[in-house]
Amino acid sequence: MAKIEFRNVDKSFGQVAALRDVTFSCADRDIVVVFGPPGAGKSTLLRVLAGLEDIDRGEIYLNGRAMNDLPIHRRNVAMAFENYALYPHFKVRANLEFPLKAPAVRMAAAQRRTRLERVAKLLEIEELLDRYPHQLSGGQRQRISLGRALIRDADATLLDEPIAHLDARLRSALRGDLRLYLRESGATTLYATPDFQEGFAIASKVIVLIGGVVRQISSPDEVFSRPADAHVAALIGDPAMNLIPVRADGRLDLGEQSSPLPVRINGLAQVGIRPGDIGLVDSTRSGVVVKGRVTLVERVGSALVINLDTGGRALAAKVDAPSMPVTLDDIVGLVFRWDAAHFFGQDATRIDIRGDFVTTDGRL
Amino acid sequence: MKVSSAKYFLVAPPLLFFLALSLIPLLLTLGLSLTDADLSGAGNWIGLSNYKALWSDRIFLRSYLNTLEYAVIGVPVQYVLGLVLAVFVAQFQHGRRLLRLIVLIPLMVAPLVVGFIWKTMLDSRLGPVDDLLRHLTGIAVPWLTDETLAFVSILVVDTWQWTPFMFLILFAGIASMPREPFEAAYVDGASRWRVFWDITFPMLGPASLAAVLLRGIEAFKIFDIVYYITGGGPGSVTTSTTLTAYFTGLRSGHVGYGAAMTVILLLTVIAFGSLFPFAVKLITRQRGKTFARAVNRNIAATNFGGVRA
Amino acid sequence: MSAAKIGGNSSLRYVVVLLWAVFALFPLYWILITAFKLPKDIFRGPFYLPGVDFFPTTNSFRYLLTTGSGDFFHGLGNSVLFATTSGIFSVLFGAFAAYGLARYEYRLGPMKNDDISFFIVSQRMMPPIVAVIALFVMYRWLGLLDTYFGMILIYTWYNLPLSVYLLTDFIKRIPPDIEYAAAIDGYDRVRQILFITVPLAFPGIAAAFFLAFIFTWNDFLLALMLTFQNAKTLPVVIAAWSANMDPRWWLLSAAGIVAVIPPVAALSLLDRLMERRERMG
Numbered sequence: 041m042a043k044i045e046f047r048n049v050d051k052s053f054g055q056v057a058a059l060r061d062v063t064f065s066c067a068d069r070d071i072v073v074v075f076g077p078p079g080a081g082k083s084t085l086l087r088v089l090a091g092l093e094d095i096d097r098g099e100i101y102l103n104g105r106a107m108n109d110l111p112i113h114r115r116n117v118a119m120a121f122e123n124y125a126l127y128p129h130f131k132v133r134a135n136l137e138f139p140l141k142a143p144a145v146r147m148a149a150a151q152r153r154t155r156l157e158r159v160a161k162l163l164e165i166e167e168l169l170d171r172y173p174h175q176l177s178g179g180q181r182q183r184i185s186l187g188r189a190l191i192r193d194a195d196a197t198l199l200d201e202p203i204a205h206l207d208a209r210l211r212s213a214l215r216g217d218l219r220l221y222l223r224e225s226g227a228t229t230l231y232a233t234p235d236f237q238e239g240f241a242i243a244s245k246v247i248v249l250i251g252g253v254v255r256q257i258s259s260p261d262e263v264f265s266r267p268a269d270a271h272v273a274a275l276i277g278d279p280a281m282n283l284i285p286v287r288a289d290g291r292l293d294l295g296e297q298s299s300p301l302p303v304r305i306n307g308l309a310q311v312g313i314r315p316g317d318i319g320l321v322d323s324t325r326s327g328v329v330v331k332g333r334v335t336l337v338e339r340v341g342s343a344l345v346i347n348l349d350t351g352g353r354a355l356a357a358k359v360d361a362p363s364m365p366v367t368l369d370d371i372v373g374l375v376f377r378w379d380a381a382h383f384f385g386q387d388a389t390r391i392d393i394r395g396d397f398v399t400t401d402g403r404l
Numbered sequence: 002m003k004v005s006s007a008k009y010f011l012v013a014p015p016l017l018f019f020l021a022l023s024l025i026p027l028l029l030t031l032g033l034s035l036t037d038a039d040l041s042g043a044g045n046w047i048g049l050s051n052y053k054a055l056w057s058d059r060i061f062l063r064s065y066l067n068t069l070e071y072a073v074i075g076v077p078v079q080y081v082l083g084l085v086l087a088v089f090v091a092q093f094q095h096g097r098r099l100l101r102l103i104v105l106i107p108l109m110v111a112p113l114v115v116g117f118i119w120k121t122m123l124d125s126r127l128g129p130v131d132d133l134l135r136h137l138t139g140i141a142v143p144w145l146t147d148e149t150l151a152f153v154s155i156l157v158v159d160t161w162q163w164t165p166f167m168f169l170i171l172f173a174g175i176a177s178m179p180r181e182p183f184e185a186a187y188v189d190g191a192s193r194w195r196v197f198w199d200i201t202f203p204m205l206g207p208a209s210l211a212a213v214l215l216r217g218i219e220a221f222k223i224f225d226i227v228y229y230i231t232g233g234g235p236g237s238v239t240t241s242t243t244l245t246a247y248f249t250g251l252r253s254g255h256v257g258y259g260a261a262m263t264v265i266l267l268l269t270v271i272a273f274g275s276l277f278p279f280a281v282k283l284i285t286r287q288r289g290k291t292f293a294r295a296v297n298r299n300i301a302a303t304n305f306g307g308v309r310a
Numbered sequence: 391m392s393a394a395k396i397g398g399n400s401s402l403r404y405v406v407v408l409l410w411a412v413f414a415l416f417p418l419y420w421i422l423i424t425a426f427k428l429p430k431d432i433f434r435g436p437f438y439l440p441g442v443d444f445f446p447t448t449n450s451f452r453y454l455l456t457t458g459s460g461d462f463f464h465g466l467g468n469s470v471l472f473a474t475t476s477g478i479f480s481v482l483f484g485a486f487a488a489y490g491l492a493r494y495e496y497r498l499g500p501m502k503n504d505d506i507s508f509f510i511v512s513q514r515m516m517p518p519i520v521a522v523i524a525l526f527v528m529y530r531w532l533g534l535l536d537t538y539f540g541m542i543l544i545y546t547w548y549n550l551p552l553s554v555y556l557l558t559d560f561i562k563r564i565p566p567d568i569e570y571a572a573a574i575d576g577y578d579r580v581r582q583i584l585f586i587t588v589p590l591a592f593p594g595i596a597a598a599f600f601l602a603f604i605f606t607w608n609d610f611l612l613a614l615m616l617t618f619q620n621a622k623t624l625p626v627v628i629a630a631w632s633a634n635m636d637p638r639w640w641l642l643s644a645a646g647i648v649a650v651i652p653p654v655a656a657l658s659l660l661d662r663l664m665e666r667r668e669r670m671g
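Going line by line, the protein sequences match chains C, P and G. For the first sequence, this note's numbering assigns the number 404 to the last residue and increments by one with no breaks. For the second sequence, this note's numbering assigns the number 310 to the last residue and increments by one with no breaks. For the third sequence, this note's numbering assigns the number 671 to the last residue and increments by one with no breaks.
For reference, chain C alone in the conformation it holds in the complex (with noise of 0.2 Å):
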């Protein structure tokens, strides 16, 4: 039985949809990553579980519980809020133990402190344990709003956000931490991100969630690899995927060039090529057939990200050690890993192509 279980769930907020007829279902332990842009509607598919919003239509299922009617106390849900929401007339202490003292609840002082220790130290914030929320950073404050989230045997765990604003160095070694704690703890949980980093690092499941739709439920690998569709492919990737138009033709709408398609395919309308799998060579060489002029360069980590314009159209490439250098205005040739493209249709759904294919200068 799932664990949790979304069926045709409709929610606006006057004439704004935010979620719209979105049904999925969650195993116990799963940790699925709620995925999508800002204004997806991830906090009111988190908020409409936990109760803090009612739903227009459909039916939400935790732990087979029908939570449609259910009041927020009794739906056994802990909740990280984007806004943390201390209590601030506790100390750190208190604020994490209040969950544990619930009337339904009642844990025993000795159980209090193990799982108070083991979350403090998990989220580095033992020495701030006697301290009031208003004596805080920003970050700590989110610490202990995610501790107070973790610390309960909830049925659902629902993050918001919970690492948006800690510092890089933070929230890399949480993202690794947080995965691990809530494997062992075994909690059920829903971790909304616009952050595709972050979110692949940690789920076991994600669930990509564009304009309120649901467009595509799998592993992190399965969205990275073959997504759904056009919207959900320039969410993925850093810097994002390339889409570039189809024309008539059928070749590659690059502004003033344009490039041939290795392969026909009926209905195509974008291609999508990943920064990383543009190649850039000499312009002079022969067969090349596109051409880009470099407008910007920047290093990321250990690769070099290249801005490039093809004459009215703007493309990402990304390598990680350039075979020759690159400066600004320079003109340099394009080639395709068209082996690695993906192509989306009219209605911007995926096209999956089988077979091999040749490009135009011999090479694959």
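Treat the hints as calculated values from the structure; they're not laboratory data. Idealized CB from N, CA, C, for every residue including glycine. There's no promise every hint is true.
Label-pair distances were calculated between CB atoms; the ranges are [as the list claims (entries may be wrong)]:
id: 1; chain 1: C; residue 1: L210; chain 2: P; residue 2: D189; range: 25 to 31 Å
id: 2; chain 1: C; residue 1: L210; chain 2: P; residue 2: S275; range: 52 to 58 Å
id: 3; chain 1: C; residue 1: A106; chain 2: P; residue 2: L283; range: 55 to 61 Å
id: 4; chain 1: P; residue 1: L40; chain 2: G; residue 2: M501; range: 33 to 39 Å
id: 5; chain 1: G; residue 1: F508; chain 2: P; residue 2: I47; range: 31 to 37 Å
id: 6; chain 1: P; residue 1: G236; chain 2: G; residue 2: A411; range: 33 to 39 Å
id: 7; chain 1: G; residue 1: R563; chain 2: P; residue 2: V188; range: 33 to 39 Å
id: 8; chain 1: P; residue 1: W198; chain 2: G; residue 2: F463; range: 51 to 57 Å
In silico SDA-like pairs for lysine to any residue, Cα to Cα no more than 20 Å straight-line [as the list claims (entries may be wrong)]:
id: 9; chain 1: C; residue 1: K358; chain 2: C; residue 2: T335
id: 10; chain 1: C; residue 1: K131; chain 2: G; residue 2: I542
id: 11; chain 1: P; residue 1: K8; chain 2: G; residue 2: A633
Under 7 Å between C-beta atoms, here's a sample of chain C residues computed to sit facing chain G [said to hold, decoys possible]:
id: 12; residue: M119
id: 13; residue: F138
id: 14; residue: L162
id: 15; residue: S342
id: 16; residue: G352
Mind docking chains P and G on chain C? Use the hints.
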């Protein structure tokens, strides 16, 4: 979060109080003012005769004029003094809280007791004020027996008690101001006077409006001080509307007539309460929600500094 | 907080504040020493310094506590009773209404939350005399004149607008998210209010109580009009004393001192409370 109709029980008590002890008495007063009722409530309908009579009632006219004068003269004086105090107290780094407490004390004393205190202070024979004056200038001033001076005395006492009120609101306003504009101004070499006129005073707009509005409304109600110090006299030179209405209505028993007096007073207060902010907005050409909200915040500051913006 | 202090002229502020302090405090000093004077000290001309011009005595206070006790204690007791009870009731009812107005949406015919608030708070604009003349007639008819119940009722009414106003403001400042967090943590609404809302609103509740206490304690007009003997309050007693006899200023001063102490104490308590709350942010 939605709740059933149980929530109406929450607001029921104040609404019931309002109904029973404000609305109904108000309507009753209006009704009584159109009769010649006595203390038992029994009387005949006489329409607007009371109001017509008030128009030529010398004592009532005097009391009404006095009430207006107490407000129109007293409030600006109290405002200026309160402003001066607020500005200067704000310049202290240490001991602010104690100073503020000291300044506020007169506000805490029951108006009746204030009346008593000053009656003894202003007594020509035995009071310290005249004693000191005698030592300094050789003259004793008949504060309470001379017509003009009695009026002035009431004003002085009223100012003693209510200046702290102005101070309270204005000080809270100053205390919550950001320091950057001031720092910038001093760096630019502005004099303190300039800074006050160009920065402090304008920024105190909402606070000033709140202070004058609230104090103004209160000022029309003046009673206790006049009752104790002069009893309205000498003659009826210092009497206020409330006092006259009290004497007429509940002492002499002309309840209907007294009711009519209170209605006039009510209309005056309402007129002031509605027109004054409107006029200010017009004059300063400041409209909109931010100004109104700022004024509200400052009205809330009358809760003795507890609620800050 | 320190905006206006920059560049302040150091000597002028001392002068101004000192002048006002003298003006404000001298009258209080005066009745303080008058309360400790013998009649002859008063009638032989104003004396200023205890121990120098005259010898302080506790005669007045002793008189108040013994011979004059009847009226004085009666009035004092009533004042304490009314101030405390009206404070409690107005805060209680005010808090309920404030919570409702701050958290829920109301619809009474065409009226919504803000309209309801306005109705309750606008009563402050009405001069008490307007209602009291009619109230006198009503109370007379209902037999509530000069009764404890009648006065507690009227003083609760008197303080409700301020309580509602203050507390609505206070509760609105508590982010609803904190209550939601408590709900999610497993606490039903009543418990949320008990453990979260009330502690956080406590400064407002205390402020409302103190203010109600002070206003009731200092009231004269309502007590004058609606009481005679049974339910009369301290200000009424003081006024009656000075009407009936030669100015027995030593007694009146002593009574005045007693009348001044509670509000001033309430003010400093309130102030300290606000200070503490400021620090907690």
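*Going straight from one Cα to the other, do K131/C and I542/G come out at no more than 20 Å?*
Violated, because 40 Å separates the two Cα atoms, which is more than 20 Å.
*Against chain G, with CB atoms and a cut of 7 Å, does the hint on G352/C hold up?*
48 Å, violated
*If you check the beta carbons of L40/P and M501/G, does the distance land in 33 to 39 Å?*
Between L40/P and M501/G, where Cβ atoms are some 36 Å apart, the hint holds.
*Does the hinted range 33 to 39 Å hold for R563/G and V188/P at CB?*
35 Å, holds
*Cβ-Cβ distance between G236/P and A411/G: within 33 to 39 Å?*
36 Å, holds
*Between W198/P and F463/G, does the beta-carbon spacing fit 51 to 57 Å?*
55 Å, holds
_Checking hints one by one. Is L162/C an interface residue toward chain G, by the C-beta closer than 7 Å rule?_
At 19 Å from the nearest chain G Cβ, L162/C fails the 7 Å test, so the hint is violated.
*When you check the alpha-carbon spacing of K8/P and A633/G, does it fall within 20 Å?*
Measuring from Cα to Cα gives roughly 50 Å; hence the hint is violated.
*Take the C-beta atom of L210/C and the C-beta atom of S275/P, compute their distance, and say whether it sits inside 52 to 58 Å.*
56 Å, holds
_Proposed interface contact between M119/C and chain G, which counts if any beta carbon pair is under 7 Å_ = 5 Å, holds
_Minimum beta-carbon distance criterion (7 Å), F138/C to chain G_ = With Cβ-Cβ at 6 Å, under 7 Å, it holds.
*Mind checking the alpha carbons of K358/C and T335/C for me, to see if they're no more than 20 Å apart?*
The hint holds at about 13 Å.
Checked against the numbered hints given earlier, this structure breaks hints 1, 10, 11, 14, 15, 16; the rest are met.
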